[in-house]
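2 protein chains.
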Amino acid sequence: MLIVQKYGGSSVGNPERIRNVARKIVDRKRLGNDLVIVVSAMGDTTDDLITMASQITDDPSEREMDMLLSTGEQISVALLAMAIHTLGEEAISFTGAQVGIMTDSIHTKAKIVKVRGAAKMRQELKKGKIVIVAGFQGIDKDENITTLGRGGSDTTAVAMAAVLKADECEIYTDVDGVYTTDPRIVTDARKLGVIAYDEMLEMASLGAKVMHSRSIEMAKKFGVVIHVRSSFKNVQGTLIQEEDAKMEDVIVRGVALNKDEAKITIARVPDRPGIAAKIFKMIAEGNVNIDMIIQNVSEKGYTDLSFTVLKDELKKALKVIGTIARDVGAAGVKHDENMAKVSVVGVGMRSHTGIAAAMFEALASKKINIDMISTSEIKVSCVINSRDAEKAVKAIHDKFKLGDKKVLKEKVGAAK
Amino acid sequence: MLIVQKYGGSSVGNPERIRNVARKIVDRKRLGNDLVIVVSAMGDTTDDLITMASQITDDPSEREMDMLLSTGEQISVALLAMAIHTLGEEAISFTGAQVGIMTDSIHTKAKIVKVRGAAKMRQELKKGKIVIVAGFQGIDKDENITTLGRGGSDTTAVAMAAVLKADECEIYTDVDGVYTTDPRIVTDARKLGVIAYDEMLEMASLGAKVMHSRSIEMAKKFGVVIHVRSSFKNVQGTLIQEEDAKMEDVIVRGVALNKDEAKITIARVPDRPGIAAKIFKMIAEGNVNIDMIIQNVSEKGYTDLSFTVLKDELKKALKVIGTIARDVGAAGVKHDENMAKVSVVGVGMRSHTGIAAAMFEALASKKINIDMISTSEIKVSCVINSRDAEKAVKAIHDKFKLGDKKVLKEKVGAAK
Numbered sequence: 016m017l018i019v020q021k022y023g024g025s026s027v028g029n030p031e032r033i034r035n036v037a038r039k040i041v042d043r044k045r046l047g048n049d050l051v052i053v054v055s056a057m058g059d060t061t062d063d064l065i066t067m068a069s070q071i072t073d074d075p076s077e078r079e080m081d082m083l084l085s086t087g088e089q090i091s092v093a094l095l096a097m098a099i100h101t102l103g104e105e106a107i108s109f110t111g112a113q114v115g116i117m118t119d120s121i122h123t124k125a126k127i128v129k130v131r132g133a134a135k136m137r138q139e140l141k142k143g144k145i146v147i148v149a150g151f152q153g154i155d156k157d158e159n160i161t162t163l164g165r166g167g168s169d170t171t172a173v174a175m176a177a178v179l180k181a182d183e184c185e186i187y188t189d190v191d192g193v194y195t196t197d198p199r200i201v202t203d204a205r206k207l208g209v210i211a212y213d214e215m216l217e218m219a220s221l222g223a224k225v226m227h228s229r230s231i232e233m234a235k236k237f238g239v240v241i242h243v244r245s246s247f248k249n250v251q252g253t254l255i256q257e258e259d260a261k262m263e264d265v266i267v268r269g270v271a272l273n274k275d276e277a278k279i280t281i282a283r284v285p286d287r288p289g290i291a292a293k294i295f296k297m298i299a300e301g302n303v304n305i306d307m308i309i310q311n312v313s314e315k316g317y318t319d320l321s322f323t324v325l326k327d328e329l330k331k332a333l334k335v336i337g338t339i340a341r342d343v344g345a346a347g348v349k350h351d352e353n354m355a356k357v358s359v360v361g362v363g364m365r366s367h368t369g370i371a372a373a374m375f376e377a378l379a380s381k382k383i384n385i386d387m388i389s390t391s392e393i394k395v396s397c398v399i400n401s402r403d404a405e406k407a408v409k410a411i412h413d414k415f416k417l418g419d420k421k422v423l424k425e426k427v428g429a430a431k
Numbered sequence: 016m017l018i019v020q021k022y023g024g025s026s027v028g029n030p031e032r033i034r035n036v037a038r039k040i041v042d043r044k045r046l047g048n049d050l051v052i053v054v055s056a057m058g059d060t061t062d063d064l065i066t067m068a069s070q071i072t073d074d075p076s077e078r079e080m081d082m083l084l085s086t087g088e089q090i091s092v093a094l095l096a097m098a099i100h101t102l103g104e105e106a107i108s109f110t111g112a113q114v115g116i117m118t119d120s121i122h123t124k125a126k127i128v129k130v131r132g133a134a135k136m137r138q139e140l141k142k143g144k145i146v147i148v149a150g151f152q153g154i155d156k157d158e159n160i161t162t163l164g165r166g167g168s169d170t171t172a173v174a175m176a177a178v179l180k181a182d183e184c185e186i187y188t189d190v191d192g193v194y195t196t197d198p199r200i201v202t203d204a205r206k207l208g209v210i211a212y213d214e215m216l217e218m219a220s221l222g223a224k225v226m227h228s229r230s231i232e233m234a235k236k237f238g239v240v241i242h243v244r245s246s247f248k249n250v251q252g253t254l255i256q257e258e259d260a261k262m263e264d265v266i267v268r269g270v271a272l273n274k275d276e277a278k279i280t281i282a283r284v285p286d287r288p289g290i291a292a293k294i295f296k297m298i299a300e301g302n303v304n305i306d307m308i309i310q311n312v313s314e315k316g317y318t319d320l321s322f323t324v325l326k327d328e329l330k331k332a333l334k335v336i337g338t339i340a341r342d343v344g345a346a347g348v349k350h351d352e353n354m355a356k357v358s359v360v361g362v363g364m365r366s367h368t369g370i371a372a373a374m375f376e377a378l379a380s381k382k383i384n385i386d387m388i389s390t391s392e393i394k395v396s397c398v399i400n401s402r403d404a405e406k407a408v409k410a411i412h413d414k415f416k417l418g419d420k421k422v423l424k425e426k427v428g429a430a431k
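Protein sequence lines correspond, in order, to chains A and B.
Letter by letter, the first sequence follows residues 16 to 431 of the numbering used here.
Letter by letter, the second sequence follows residues 16 to 431 of the numbering used here.
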């Protein structure tokens with residue numbers, strides 16, 4: 016079997032952990048498998064590099080940040096290769112550039128457009144070597160080093176699995192799978208055996224930290240089954256895969272929480288045709304990711320436009336949006352950093368009604384005020400004040416009886 | 016003018032020093048120059064990376080060491096680019112791979128065979144950008160990352176100056192030039208205004224730490240005039256250039272000392288034709304650099320073969336040579352780690368006699384025993400016990416009156 020494994024930063028956080036990971040890899044290799052390993056930067060390396068940059072400048076060039084941060088993964092692949100050598104197996108490490116991970120040129124959050132190095136990797140596998148690839152990084156057409164943004168190493172792993180048509184894609188992490196909700200908030204949260212790509216996509220974009228949306232999108236596109244599991248415990252994790260009929264028996268798969276939300280309101284935007292289009296085009300050009308959007312008529316001829324952004328993009332967003340607001344003749348820009356978004360997700364919702372109502376009921380029972388609402392086929396999200404976040408998650412998790420084993424009917428058929 | 020500058024590890028040892036270097040670079044740029052900057056890894060970075068590797072294995076793969084160590088320079092080029100940006104100038108950093116520094120595949124001491132990125136660098140210079148290149152690294156034809164060994168960043172700088180036909184190549188270091196001998200040993204050691212390539216080559220290969228031989232060889236080959244100067248003091252340093260008639264007035268340019276020598280003797284090698292050739296071929300294949308060689312007849316039909324190696328290559332050398340000794344039926348291998356080599360160097364020696372005799376006299380006057388002797392057109396070297404090293408250097412420096420200004424007649428004509 017050809018297996019792609021990805022180890023996150025905490026799994027390779029120090030030399031001892033690197034040796035442990037090497038041992039796991041070698042054991043798996045000796046069962047007769049071909050292995051491609053994707054590794055993140057060691058524990059605090061990325062933070063240390065960011066600190067160094069911040070001692071030089073408050074506003075580093077994104078190209079140079081990518082140049083800087085990509086060294087983190089390069090260090091860990093080299094050390095992991097050495098650790099595997101000491102166990103008597105052959106291994107060879109590669110940077111993103113060396114296995115031809117081609118991306119666009121959006122530094123700090125580049126997207127993979129092609130992987131050129133499949134033949135090269137196959138050649139090394141054929142020689143019996145374990146192939147180790149630096150996660151999180153690639154190069155653009157001019158050979159500038161790019162990084163893939165949050166969860167980038169997961170995306171690298173899925174891309175490798177897709178291009179090599181791997182039999183398995185295992186994502187090793189510090190949790191042992193995907194849960195109905197964050198177990199630190201709700202003690203009876205349950206580990207899911209399987210979850211559909213679309214559900215995981217919603218969970219990820221809604222704040223579940225396990226996997227990043229981009230890697231799931233890519234897995235869905237190329238039909239890569241992802242196995243999320245623990246680097247520390249040898250137990251079955253959660254399979255992320257194409258949905259099947261059985262999955263619809265479960266109405267709500269999980270409850271997601273994102274506490275890192277901020278709300279921005281552009282007040283008194285003149286209500287002319289095409290003005291919203293103009294505003295959102297400018298926001299997109301400013302490279303700001305916005306999430307929920309709500310438009311209210313504030314008074315005749317004017318409208319208030321609210322939307323949410325990730326808290327750590329707030330500064331950048333306000334800079335861009337301040338300019339836009341002046342441009343379109345709005346009255347001003349307000350923001351609130353203390354927002355949280357709580358969501359329920361499940362492909363089963365498509366064939367059920369009343370999910371939103373049940374969720375609002377759960378929130379009302381705890382006297383939690385809802386600020387914004389957004390729904391899709393398979394999710395309902397509410398933006399609330401972040402001080403109520405945990406209370407809201409608990410109430411909703413209870414309401415849908417997600418801690419109750421009988422409710423979760425799916426079996427872990429594909430699990431090995 | 017197009018100027019190549021190289022800053023060593025101590026010059027960019029911390030964020031504050033990086034900012035200082037950036038300031039110097041920007042000042043120089045604003046005088047109307049085009050600048051290509053070559054940078055080493057920050058201060059202790061390389062040592063820290065080596066320590067990490069040593070926590071994983073005693074015997075790291077050289078390919079993976081190169082992968083690991085090359086991150087050091089990548090970090091410093093990114094940070095230096097950021098620091099230049101804060102001063103309002105444009106700068107762009109490149110890895111060795113990105114400017115096409117092609118090397119052979121001898122990991123940890125690769126040789127540059129070609130630089131492909133001249134056009135790319137010129138293009139960036141034309142845009143008004145300061146080009147920053149990671150020293151010490153390149154890639155081989157299969158895109159493996161290689162490193163150039165000791166003094167590798169100097170070699171990178173000279174290669175850049177050669178391929179770009181730069182007007183100047185400045186090597187910034189923590190000393191302010193090349194001295195007649197190590198000023199820490201001899202207090203009246205004098206800074207040289209100029210030194211010929213061949214003299215500097217001998218000085219370097221004999222232990223003067225300022226510049227590494229490979230960079231001088233390359234400078235000589237391409238006629239690059241090197242200006243070795245201090246990163247901390249703004250004073251004229253030493254020019255390394257083609258020798259001219261005037262230089263021959265000075266008989267001895269300097270005294271070099273290498274305390275990191277070890278001597279290996281292969282005892283009772285059967286004295287058959289071709290056996291020395293066989294031994295040295297095997298040593299070369301084992302990638303061991305040997306220096307002085309002496310052969311003595313020990314008894315009829317047998318010979319003792321002695322040579323020196325750098326102390327930190329002794330372990331590797333003994334491994335290779337042990338095998339060879341068994342192969343050729345020698346009696347055994349002995350070694351002595353406490354050796355030093357003291358040398359006098361000067362192109363003027365070609366037209367003078369009696370230099371060796373004067374040197375032996377100086378050593379004899381201090382009762383220092385000479386173990387091995389080697390001479391060339393422009394140098395005389397003696398291997399002695401390392402406990403006598405400093406005493407020997409002082410005696411020789413005095414003997415040739417190198418501390419006396421009147422003896423050093425050359426003027427710093429070319430200096431700016």
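Incorrect hints may appear among the rest.
Since copy identity is lost for identical chains, a pair holds within one copy or between any two.
No more than 20 Å apart at the CA atoms, straight line, and that leaves these computed lysine to aspartate or glutamate pairs for EDC-like [stated by the list, open to error]:
#1 Lys293 with Asp342
#2 Lys129 with Glu158
#3 Lys124 with Glu232
#4 Lys331 with Asp275
#5 Lys381 with Asp327
#6 Lys142 with Glu158
#7 Lys142 with Asp157
#8 Lys293 with Asp155
#9 Lys331 with Asp191
#10 Lys144 with Asp74
#11 Lys144 with Asp157
#12 Lys124 with Glu263
#13 Lys206 with Asp155
#14 Lys135 with Asp155
#15 Lys349 with Glu232
#16 Lys144 with Glu158
#17 Lys326 with Glu392
#18 Lys331 with Glu300
#19 Lys135 with Glu314
#20 Lys334 with Asp319
#21 Lys135 with Glu158
#22 Lys349 with Asp275
#23 Lys156 with Glu139
#24 Lys142 with Glu77
#25 Lys331 with Glu352
#26 Lys349 with Asp286
#27 Lys409 with Glu139
#28 Lys235 with Glu328
#29 Lys409 with Asp259
No lab work stands behind these hints: they were computed from the structure.
Structure-based check of each hint:
{"no.": "1", "hint": "Lys293 with Asp342", "result": "within (10 Å within a copy, 82 Å between copies)"}
{"no.": "2", "hint": "Lys129 with Glu158", "result": "both (14 Å within a copy, 18 Å between copies)"}
{"no.": "3", "hint": "Lys124 with Glu232", "result": "within (15 Å within a copy, 44 Å between copies)"}
{"no.": "4", "hint": "Lys331 with Asp275", "result": "within (15 Å within a copy, 55 Å between copies)"}
{"no.": "5", "hint": "Lys381 with Asp327", "result": "neither (29 Å within a copy, 71 Å between copies)"}
{"no.": "6", "hint": "Lys142 with Glu158", "result": "between (28 Å within a copy, 18 Å between copies)"}
{"no.": "7", "hint": "Lys142 with Asp157", "result": "between (31 Å within a copy, 16 Å between copies)"}
{"no.": "8", "hint": "Lys293 with Asp155", "result": "neither (29 Å within a copy, 50 Å between copies)"}
{"no.": "9", "hint": "Lys331 with Asp191", "result": "neither (35 Å within a copy, 45 Å between copies)"}
{"no.": "10", "hint": "Lys144 with Asp74", "result": "between (42 Å within a copy, 18 Å between copies)"}
{"no.": "11", "hint": "Lys144 with Asp157", "result": "between (30 Å within a copy, 16 Å between copies)"}
{"no.": "12", "hint": "Lys124 with Glu263", "result": "neither (34 Å within a copy, 61 Å between copies)"}
{"no.": "13", "hint": "Lys206 with Asp155", "result": "neither (39 Å within a copy, 48 Å between copies)"}
{"no.": "14", "hint": "Lys135 with Asp155", "result": "both (19 Å within a copy, 15 Å between copies)"}
{"no.": "15", "hint": "Lys349 with Glu232", "result": "neither (33 Å within a copy, 65 Å between copies)"}
{"no.": "16", "hint": "Lys144 with Glu158", "result": "between (27 Å within a copy, 17 Å between copies)"}
{"no.": "17", "hint": "Lys326 with Glu392", "result": "neither (26 Å within a copy, 71 Å between copies)"}
{"no.": "18", "hint": "Lys331 with Glu300", "result": "within (12 Å within a copy, 58 Å between copies)"}
{"no.": "19", "hint": "Lys135 with Glu314", "result": "neither (63 Å within a copy, 57 Å between copies)"}
{"no.": "20", "hint": "Lys334 with Asp319", "result": "within (18 Å within a copy, 78 Å between copies)"}
{"no.": "21", "hint": "Lys135 with Glu158", "result": "both (18 Å within a copy, 11 Å between copies)"}
{"no.": "22", "hint": "Lys349 with Asp275", "result": "within (17 Å within a copy, 68 Å between copies)"}
{"no.": "23", "hint": "Lys156 with Glu139", "result": "between (25 Å within a copy, 16 Å between copies)"}
{"no.": "24", "hint": "Lys142 with Glu77", "result": "between (38 Å within a copy, 19 Å between copies)"}
{"no.": "25", "hint": "Lys331 with Glu352", "result": "within (14 Å within a copy, 61 Å between copies)"}
{"no.": "26", "hint": "Lys349 with Asp286", "result": "within (18 Å within a copy, 92 Å between copies)"}
{"no.": "27", "hint": "Lys409 with Glu139", "result": "neither (50 Å within a copy, 57 Å between copies)"}
{"no.": "28", "hint": "Lys235 with Glu328", "result": "neither (27 Å within a copy, 53 Å between copies)"}
{"no.": "29", "hint": "Lys409 with Asp259", "result": "neither (28 Å within a copy, 86 Å between copies)"}
When the structure is compared with the earlier hints, violations turn up for hints 5, 8, 9, 12, 13, 15, 17, 19, 27, 28 and 29 and for no others.
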